[in-house]
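K.L.:
Residue strings, one per chain:
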Amino acid sequence: MILHNYDLYEDCYRVRLLASCTEQELELVNVDAFPGAEEKSETYLKLNPLGRLPILEDGDVILRDLAAILIYVAEKDAKARFIPTEAKARAAMFDWLGFACGDLSVATQARAVALLDAPGDGVALRAQARALFRVLDDHLTRQALSGQGYVAGDTATLADLALFPAFALSRDFNLDHDEFPALRLWARRMRTLPGFITMPGIPDYH
Amino acid sequence: MTQSGWVPVALSAMIEAGTSAGVVVDGAEIVVWRDISGKAHAWEDRCPHRGMKMSFGFVRGDHIACLYHGWEYDESGNCQYIPAHPDLEVPKSICISRYGVAETGGMIWAHVPLGSEAGAAPELAEAEGLRSLYVDASVAAVASALGSDVSGSMLTVSTADVALSIGVQPISDTQCALHVTVPMGTSVEEKNAVLDWCEALRRQVENSEAMA
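First to last, the sequence lines map onto chains A and B.
Here our numbering is used: the first residue of the first sequence is 2, the next is one more, and so on.
Here our numbering is used: the first residue of the second sequence is 1000, the next is one more, and so on.
In isolation and in its complexed conformation, chain A is listed as follows (with noise of 0.2 angstroms):
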């Protein structure tokens, strides 16, 4: 599989962050998104007429879309960790990568209106992100009174992993950790999972 890939997109790190718990080789193909806009070339758009990162190849197959990339990669688990298989934990599961992949995307936008001059109002951003990880924190603190420490079930799903990222990075646009109680110990369990990695701005020890 091959990832076109920018380092400092969370997007892009989600992709990774699932192929390397899953423990699958991705071929990095590094683009310059920032400031280079390459994803916007001529070249790329052939690739992925949205102009957008990232883009996964593999053979003939090619996505652009973030969820349907991050499913093909799951789905590729031989060990298929991360989709469960019961109807209940699945659909929860798809409900928060739902979460993750579409209302979320204010958190990526958030950051890259602060980190990497995307246009944007930073500030409502910033405040709606802050009003989905509350969604998130509640969420959490409910399942921690049934014993489930993560999102969908009592292990780490796709959701998790996709929504780990923008609660990761949100310091990046300024929103703080400390309201979140239940998100700070969901995200420490998280660092714990086999084939963990990093991305900058987050710390590698914890």
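The hints are simulated quantities; they were obtained by calculation from the structure and are not laboratory data.
Idealized CB from N, CA, C, for every residue including glycine.
Accuracy of the hints is not assured; some may be wrong.
To be verified - Pair ranges (Cβ atoms, derived):
1) A:28 <-> B:1091: 52 to 60 angstroms
2) A:46 <-> B:1087: 31 to 39 angstroms
3) B:1077 <-> A:37: 45 to 53 angstroms
What the hints assert, rightly or not - Some chain B residues close to chain A (C-beta under 8 angstroms, calculated; not the full set):
4) 1023
5) 1130
6) 1131
7) 1196
Once you've looked at the hints, dock chain B against the given chain A.
P.N.:
Just chain B now, kept in the frame of chain A:
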């Protein structure tokens, strides 16, 4: 305008051994951390080297280390090790100021302001921490919404047949944290009802703040 006294800063259960968290009391930034032996500490949240928040750092045994350059401090707040100068005997003057710290009622408490003489900590009944609720409103606005008075940084409220003991942490004029505890032995159903109540309270108080 900080009054001198004990303030709850976290639920005991939310600060696991070997972890740290940043908290704010009336604008003062505090790192709360628990060493590997389980002892809680509350310090000024600032590394004397470059001003980095210690709460971003990591706990190693009974030391806490700064994320930035790894300066390591022992439980008395003295810097013991500087990785860039491994052979240096670190001068005693490099240290972090500590708050008086106590644990009671399922909460970790700090004595504020920094440097104040800490009297005996409150002695509260054993309780189970349910959640810390962060609200965009002053302590006074929350107390008024609950029709209850804050006494010794505590609010007591009954809801869904559960008697709650709530530790109140003022963060700023527009923000506070409520450390909600329930009596030992409260059932999961009752706890879920209290969590519903918490989320509704936050919406109610914040909506009326937005209208004000």
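K.L.:
Which hint numbers does the structure go against, in order from smallest to largest?
P.N.:
2 and 7
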